[in-house]
Amino acid sequence: MTQKSLTHLSITEALAGLSKKEFSAVEYTRAHIEATEQNRDLNCYITETPDIALRQAAESDARRAKGQAGLLDGVPIAIKDLFCTQGVRTTAASRILDQFVPEYESTVTSKIFAEGAVMLGKVNLDSFGMGSTTGSSAFGQTFNPWRSTTSPDVKLVPGGSSGGSSAVVAARMAPGALGTDTGGSIRQPAAFCGISGIKPTYGRCSRFGVIAYASSLDQAGVFARTVEDCALMLKSISGYDPKDSTSANKPVPDFVAGLQGGNVKRLKVGIPKEYRVEGMPQEIDESWHKGTQWLKDQGAEIVDISLPHVKYALPAYYILAPCEASSNLARYDGVRYGRRIEGKDLKETYELTRAHGFQDEVKRRIMVGTYALSAGYYDAYYVKAQKLRRLIRDDYMKAFEKCDVLLTPITPSAAFPVGQNEDDPIKMYLEDIFTISLNLAGLPGMCVPAMLNAEGLPLGLQIIGRPWDEETVLRAARGLEIAADFRALPGMLGTKMAA
Amino acid sequence: MAQIIKGRTGEWEIVIGMEVHAQVTANTKLFSGASAVFGAEPNSQVSMVDAAMPGMLPTLNAYCVEQAVRTGLGLNAEIHATSVFERKNYFYPDLPQGYQISQYLHPIVGKGKIEIDLPQGDVKEIGITRLHLEQDAGKSLHDQHPTKSFVDLNRSGCALMEIVSEPDLRGAEEAAAYLSKLRMILRYLGTCDGNMEEGSMRADVNVSVRKPGGALGTRCEIKNVNSVKAVQMAIDYESRRQVDIIEDGGTIHQETRLWDPTKGETRSMRSKEDAHDYRYFPDPDLLPLVLDNAWIASIKQTLPELPDQKKHRFMQDYGLGAYDSGVLIAERIRADFFESVAKGRDAKMAANWVLNELLGVLNKDGKNLDQSPITAAQLGGLIDLIVDNTISGKIAKDVFADMYATSKDAAKIVDEKGLKQVTDIGAIEKTVDQVIAANPDNVAAYRGGKDKLFGFFVGQVMKETGGKANPEIVNQLLKDKLK
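Chains H and R, in that order, are what the protein sequence lines are. For the first sequence, counting from 1, position 143 maps to 143 in this note's numbering; every step adds exactly one. Residues are numbered in this note's numbering as their position in the second sequence, beginning at 1, plus a constant of 1000.
For reference, chain H alone in the conformation it holds in the complex (with noise of 0.2 angstroms):
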């Protein structure tokens, strides 16, 4: 098979042609290894380990010759570089932290390697998973494959903070990658990229060794180019762990098995009015008007519904998330590890260290985070936004009496200029606004690609769930896959395919 052919098939298609060796593991991964040596404009990677794929990959032939295959042996995928890799430089896009290589692994990876799956590299985002464009990176911009039909020369960012997960996914740089979502950052880029993307219930996958932003609000997640390959990758990164105590002690369902046969007749599908906001493009209320009725053609039930305290999401959330990440990067000090700049004290050592190693938004983040926990502030800001966050959950709640996921846009537009609304944080926050409110309420939630804008741009829609119920979310999301039937490729790597 030529390069094109193997780096364009889904993780499921490919465990089926491995196993009956229509290609290697080295081979499939070789493709995208080369991909991704076409694609370095991109700016996609922080570091690439072609050495350490091409080793999986030939001892994932050795396992599945001896038919011991586990359930992504073989398959290469990128890891965001928030997820702490022994013996391989973990950044989170920070100066800070741009040489430091863990001497352990995190949870989430050694589960997804236990799995045999293939390490390409690691991959930019926005600086500590702050961020919605991959532009706050200290390793300089990721670019997004899809461009606008209308201005082809200007480029797009491929949404954040995951935007290298979304990117190289989309890119056909590799079939898979693993994500942090802590308000979007999942959802989000995969809807700038045209993929998939879910993010499981918070305490689904466990948070050990990943690199913390919000520890309340942080998930790990997958993205993918199918459901069903998201399905994949996220059973074989859940469950319980012991060393990270919100991680939830309940038995892991078969995602895949609860696919296969499974539609959404009967489904009840709430439409919440909330999500309806000011200014909203006519292009993502149509998106959301053919997703609706493209499940109500499936059989299911179309319910509205009412979350009366989401609007209140962002600012909560813009409160919540930068208390605990002030508390949270204290630990960039300069002392132990990560870089250090000498001052003539202590005091000037601190502040020469993360003045240097913090980018401008980590720096804003951590500010308005003291400030909210100052004494004095402490009940106008962090107390009054906890309230705030349970009502959010009890609206979700409540909903759910009444439906079993809930259908709603996921950006607010599609991918838009590199540069564009940097120097606006709040407009930057407005990007936001669909996602950020499941990660107040801990839910689980998934982008699909739904369809094109007059641009040529992905729009994607995102399924909301019960607590712990990601089989239906997956099962909603099916059938929006299915009746969507996306198949568009970013413009971009067409011409490279071609030339």
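Rather than coming from a laboratory, the hints here were simulated on the basis of the structure. Among the hints, a few may not be true.
Under the rule of at most 27 angstroms between Cα atoms (straight-line distance), these lysine-lysine pairs were calculated in the DSSO-like manner [said to hold, decoys possible]:
(1) H/347 / R/1139
(2) H/4 / H/21
(3) H/347 / R/1348
(4) R/1223 / R/1111
(5) R/1452 / H/347
(6) R/1408 / H/347
(7) R/1124 / H/344
(8) R/1452 / R/1479
(9) R/1124 / R/1452
(10) H/384 / R/1223
(11) H/363 / R/1223
(12) H/387 / R/1229
(13) H/347 / R/1088
(14) H/344 / R/1139
(15) R/1139 / R/1263
(16) R/1088 / H/243
A quick note: this is a predicted structure, and the numbers were derived from the prediction, not measured.
Using the hints, position chain R against chain H.
This is chain R only, laid out in the frame that chain H set:
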């Protein structure tokens, strides 16, 4: 018994509250599996969690929680079914996370009380405000390099219990008694070894002064007081300092002060305005700690008899005084030793021999009871010989000295040295007659009314018999014959 300071403007009362940090006796740290044993090579007991490496998460050590609950029960305190770990945020090189995981608004243990023992056997009840669990910081070493400071993280993450008292203490003596009693309770419970030299128990002392019965004064918190003696000295110094300032027309500012043991003074560390804003908030890495009532009850079942219970039992069952009981129960091993000696014997005699003889001589030699050359069974054997009249109390002291030197049984020493008491009335009567015959002047004087001379005759008889004559028989015979 409040300690009063006499100032120029009258009397002043000292008000003290204590915050004691007690390291939990446990093999591993509060939130990591690293060893928590004292005295290892610097940085040899540090896990990735303790060093706050990126992506590391705390996981609570159930045994430390059990120890805190046990301590709370030992302090007669309320155990909170739900408590919350919070982050106390501040930067320091020996604090790897940049925050200490502690409990703030919702501690694991609430209000309790203990009894402290004052001189003359008086007791006073001291309120416990709360006990909470928290992690210790590492240790900064400033004397290892001319320009750099070193950090040892072995202690980083070890479990501490912070035990806060009500401001019920009224002076250095009460503070010392409180600290000793608290230490005693923790050692009885086995939840802290109470070793102040190794820093496993540290005290911060809040001191203020006021006119007796008046409103509370402004307090100063004194840190770095690391022995019972230092607590007393620091309180004496600090209370006098505050009285002098107020009487000179000044005011006390709330601040943290450091005790300097070399200079014997407290000095300002930081004022209230400079106090850290710790920006406490619930640690999102840890769920609220929820305890099962049945589990708490099962811990209660395993509590040992505590010092105060033991003291009251000693007073009631053995008829001992408050003071003697207090001394006996000060160490669990001492109380156990006493009880084995007292078993089936005269308890007051047993207490007397343990306290006045054995502890006296051990103390003189700078030894602890567990180094005693005389076992409880042996000391009991000695008492048995006194009670069955084999030897007199006086001879017993000589035998005891021999036992202490040789670790031999009392009976064996009595046998070898022929110290068995003479109870043969005929033989004693003979000696009595000889003594009366040899001292006609004293006999006359005694009969003339000098009763005190009776002792002289007893002494002479004992001297002639080498101290072995039964004193009761000697007394009786002399009384009869000197009539």
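Against the structure, the hints come out as follows:
1. Restraint check for residue 347 of chain H and residue 1139 of chain R: satisfied, since their Cα atoms lie roughly 18 angstroms apart, inside the 27 angstroms limit.
2. Restraint check: the Cα-Cα separation between residue 4 of chain H and residue 21 of chain H comes to about 18 angstroms, which is no more than 27 angstroms; the hinted pair holds.
3. Distance hint between residue 347 of chain H and residue 1348 of chain R is unfulfilled; the C-alpha atoms sit about 64 angstroms from each other, more than 27 angstroms.
4. Distance hint between residue 1223 of chain R and residue 1111 of chain R is fulfilled; the C-alpha atoms sit about 24 angstroms from each other, no more than 27 angstroms.
5. Of the pairs offered as hints, the one joining residue 1452 of chain R and residue 347 of chain H is violated, with about 83 angstroms between alpha carbons and a cut-off of 27 angstroms exceeded.
6. Simply put, residue 1408 of chain R and residue 347 of chain H have alpha-carbon atoms about 67 angstroms apart, too far for the 27 angstroms limit, and the pair is violated.
7. Restraint check: the Cα-Cα separation between residue 1124 of chain R and residue 344 of chain H comes to about 53 angstroms, which exceeds 27 angstroms; the hinted pair is violated.
8. Proposed proximity of residue 1452 of chain R and residue 1479 of chain R is supported: the alpha carbons are some 13 angstroms apart, at most 27 angstroms.
9. The hinted pair formed by residue 1124 of chain R and residue 1452 of chain R fails the criterion: a straight-line CA distance of about 45 angstroms is larger than 27 angstroms.
10. This hinted pair does not check out: residue 384 of chain H and residue 1223 of chain R have alpha carbons roughly 36 angstroms apart, beyond 27 angstroms.
11. With a C-alpha separation of about 35 angstroms, the suggested pairing of residue 363 of chain H with residue 1223 of chain R is violated against the 27 angstroms cut-off.
12. Of the pairs offered as hints, the one joining residue 387 of chain H and residue 1229 of chain R is violated, with about 49 angstroms between alpha carbons and a cut-off of 27 angstroms exceeded.
13. Taking the CA atoms of residue 347 of chain H and residue 1088 of chain R, the gap is about 19 angstroms. The hint holds against a cut of 27 angstroms.
14. Between the alpha carbons of residue 344 of chain H and residue 1139 of chain R the distance comes to roughly 22 angstroms, so the proposed pair stays at or under 27 angstroms and holds.
15. A hinted pair counts as satisfied when its Cα atoms are at most 27 angstroms apart, and residue 1139 of chain R with residue 1263 of chain R qualifies at roughly 24 angstroms.
16. In summary, the hint linking residue 1088 of chain R to residue 243 of chain H is supported, as the alpha carbons are separated by about 22 angstroms, within the 27 angstroms threshold.
Going down the numbered hints, you'll see the structure goes against 3, 5, 6, 7, 9, 10, 11, 12, while the others check out.
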